[in-house]
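Undergrad: Protein chains in written order, with full-length UniProt numbering: chain R, 1 to 225; chain L, 1 to 223.
FYI, nobody ran anything at the bench for these hints, they're computed from the structure. Fair warning: there could be bad hints in the mix.
[Unchecked claim] Straight-line C-alpha distance at most 30 Å; calculated BS3-like pairs for lysine-lysine:
1. K130(L) with K135(R)
2. K76(L) with K142(R)
3. K171(L) with K184(L)
4. K199(L) with K124(L)
5. K53(L) with K214(L)
6. K130(L) with K142(R)
7. K38(R) with K76(L)
8. K142(R) with K40(R)
9. K3(L) with K124(L)
10. K3(L) with K184(L)
11. K135(R) with K53(L)
12. K151(L) with K129(L)
13. K178(L) with K3(L)
14. K76(L) with K40(R)
15. K53(L) with K40(R)
16. K171(L) with K142(R)
17. K69(L) with K3(L)
18. K151(L) with K135(R)
19. K76(L) with K53(L)
20. K135(R) with K129(L)
21. K38(R) with K69(L)
22. K40(R) with K129(L)
23. K135(R) with K214(L)
24. K142(R) with K124(L)
25. K184(L) with K199(L)
26. K214(L) with K178(L)
27. K178(L) with K129(L)
28. K135(R) with K124(L)
29. K53(L) with K38(R)
[Unchecked claim] Residues from chain R that keep clear of chain L, each with C-beta distances beyond 12 Å, as calculated:
30. V16
31. E44
32. A45
33. L76
34. F88
35. L114
36. M165
37. S178
38. Y182
39. E186
40. A199
Since the structure is predicted, the reported quantities are computational estimates derived from the model, not experimental observations. Using N, Cα and C, we set each Cβ at its ideal position, and we do this for glycine too.
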Amino acid sequence: MWDFAPFILTLKLSLVTTAILFIVGVPLAYWLAYSRFKIKVVVEALVALPIVLPPSVLGFYLLLAFSPQNTFGRLLHEYLDIQFVFSFPGLVIASLIYSMPFMVQPIQSGFQQLPRTLLDAAYTLGKGRMTTLIKVLLPNIKASLLTGCILAFAHTIGEFGVVLMVGGNIPDETRVISIAIYDEVESMNYDKANMYSIALLAFSFMILTIVYIINYNHRRKIEIL
Amino acid sequence: MMKINLTHTLIGADGPLHLNIDVDIHDGELVSLYGPTGSGKSSILRMIAGLMKPDDGTIEVDRAMWYSKSNRLFTKPQYRHVGIVFQDYSLFPNMTVRENLTFALPQGEPTRIVDELLDITELKNLQHKKPHLLSGGQKQRIALTRALVRKPRVLLLDEPLSALDSEMRAKLQDYILKFHAEFKLKTILVSHDLPEIMKLSNRVLVLEGGRIIKDCPPRALIA
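One chain only, chain L, in its complex shape:
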């Protein structure tokens, strides 16, 4: 169970945006954040990952407090057990596919999980290639796989598929569903694509003006 209660003021092109989020996410849920650009979706992911400090509130995951303003507690991103996938892949260009994955392993940890993941994602034949030699879909598959090497409790997907063509999108969506179920994750997906939200998530949070204005199953969005 993940309990998020955050307030934060973002300064955007249209002036300040006051984020005020209070939501619980249960184990096994795949929740989509949906809303217009600039409504604070990516910032929420960054705050959950520890890449951004909220102004106030708490973040609690599986009874472990990651952030509490009143207790002056802030767990660094390195210790949060979060996997995050960005739209721009963020693969390390100086490393091969395999090195990108082994980089995520804690020191001294056996590389068995890397081999397993390479098998599952059918990336074994690409493991010695550098990222710039790969297609967008392959890069995002690697980024997704890399985010899982540390067996995170929470998977954060920041518009991971928006730069891909529809065929590659569908394939990657299947991988996301597979991983979400297999690793028993709490997954939060930021997406603008309604069919994608329909296919992947079992709950949608609609954001507007920094607040959740709707918390519903995906089908209710088109109803």
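Looking at chain R on its own, in the form it has when it is part of the complex:
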């Protein structure tokens, strides 16, 4: 019998993570693309860290940080009554960090591919940074914005190690689809694990195909220009 709860929870986690990452990622990518501060290379490295770091390492340190045994976790619990360990909000925080490069990097690259003279033209036409960002830059990097959203969404759907470390396996709270697959395998329910896996495989394939279609169309548009 299908249990749709892990699907729904995974979808909810991915949507919330993608929405927050979009709001945070656009200004961060803009800063990384145009800032002349030397410190930006450190920030770039921090953003990219989850790509190379084993998810269990990130999950382990988040677990330590959020644990009520430690100062940060205790302060959150005592003063704000927030507990991130083994909870959905904890999963969201972990996913934000884990999927951040997949949102930020395509958008940053989109900004960097635009000719610098577009900004210069907008500034000399009397427009400030915000107007230039909203009316000139963002509309011309739609493909990068969409790629960032899709990749961040898909990456959050596929995460396992971080979720297991920070969230554990609590039904309807932290038991996302990848954890459900692991759980079914552990319980020798291979048929059920197979069904979850096929669904995840098909979904991931579809997402990546969409990203490549978007990029292909965008490249063609640039070639025409």
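Chain L: place on chain R using the hints.
TA: Structure of chain L alone, referenced to chain R:
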């Protein structure tokens, strides 16, 4: 009257270049900057437009100080009343021709000037087209028109016609002369093309090694 006194060190492929410029440009003058690639011509335009901060000096236009290192004054490009046209047109690809022009209008300003300019430049039939559907000459005509929407005091042209064929060039040169006279501009043109300099400008500044080595009428260049 525009008074430019700038020093700036540029780092190029051939090492550092020390720019040292001291020049006055009078109302109605169309001045060409002429010199080899890498002699700092485009950087001078960028500094006048406020897109680049000089190391030292002053820029004064019609008695308004735009830049003064000693007074720690730097007017942002948004407030400089400068129109600039780049070689690569820099039209906003997401906007139609008309939207590119209205973008330049200050908020709440009537669009009458846009309609007038569209008429003068014979662009009315293209106003609802996106830039990628237009020819190079049409794009540069729009870029030139857009630079004039805010009625600038200074027009800066950074090799605006170098990517166009000779027929389109001649047509655009006529537009530049027309606008320069009609809007009573102080225009600075960066160009490598001597016939173009002859046709358009009434004064040439020859740059070499970051300095003006000759300040003369265009005819003196071939004399």
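Undergrad: Does each hint fit the structure? Answer for all of them.
TA: Results of checking the hints against the structure:
1. K130(L) with K135(R): Holds. K130(L) to K135(R) sits at ~15 Å (cutoff 30 Å).
2. K76(L) with K142(R): The given pair, whose Cα atoms are some 29 Å apart, holds under the 30 Å limit.
3. K171(L) with K184(L): holds, 20 Å
4. K199(L) with K124(L): holds, 28 Å
5. K53(L) with K214(L): Given that 30 Å is the threshold and the Cα spacing comes to 25 Å, the pair holds.
6. K130(L) with K142(R): With a Cα-Cα distance of about 16 Å, the restraint between K130(L) and K142(R) holds, given a limit of 30 Å.
7. K38(R) with K76(L): holds, 23 Å
8. K142(R) with K40(R): holds, 24 Å
9. K3(L) with K124(L): violated, 37 Å
10. K3(L) with K184(L): Within the cut-off at roughly 17 Å; holds.
11. K135(R) with K53(L): The given pair, whose Cα atoms are some 26 Å apart, holds under the 30 Å limit.
12. K151(L) with K129(L): holds, 24 Å
13. K178(L) with K3(L): holds, 24 Å
14. K76(L) with K40(R): Judged against 30 Å, a Cα distance of about 24 Å means the pair holds.
15. K53(L) with K40(R): holds, 21 Å
16. K171(L) with K142(R): violated, 36 Å
17. K69(L) with K3(L): holds, 14 Å
18. K151(L) with K135(R): holds, 22 Å
19. K76(L) with K53(L): holds, 10 Å
20. K135(R) with K129(L): holds, 18 Å
21. K38(R) with K69(L): holds, 24 Å
22. K40(R) with K129(L): Outside the cut-off at roughly 39 Å; violated.
23. K135(R) with K214(L): It is violated: about 43 Å lies between the C-alpha atoms, which goes past 30 Å.
24. K142(R) with K124(L): holds, 29 Å
25. K184(L) with K199(L): Given that 30 Å is the threshold and the Cα spacing comes to 18 Å, the pair holds.
26. K214(L) with K178(L): holds, 27 Å
27. K178(L) with K129(L): holds, 25 Å
28. K135(R) with K124(L): It holds: about 23 Å lies between the C-alpha atoms, which stays within 30 Å.
29. K53(L) with K38(R): Holds - the C-alpha atoms of K38(R) and K53(L) are around 18 Å apart, at most 30 Å.
30. V16: holds, 30 Å
31. E44: Holds: least Cβ distance 23 Å, greater than 12 Å.
32. A45: holds, 25 Å
33. L76: holds, 43 Å
34. F88: holds, 38 Å
35. L114: violated, 9 Å
36. M165: holds, 43 Å
37. S178: The claim holds: S178(R) sits with its nearest Cβ about 39 Å from chain L, beyond 12 Å.
38. Y182: About 45 Å separates Y182(R) from the closest Cβ of chain L, which puts it past 12 Å; holds.
39. E186: The claim holds: E186(R) sits with its nearest Cβ about 51 Å from chain L, beyond 12 Å.
40. A199: Check passes; 37 Å lies beyond 12 Å.
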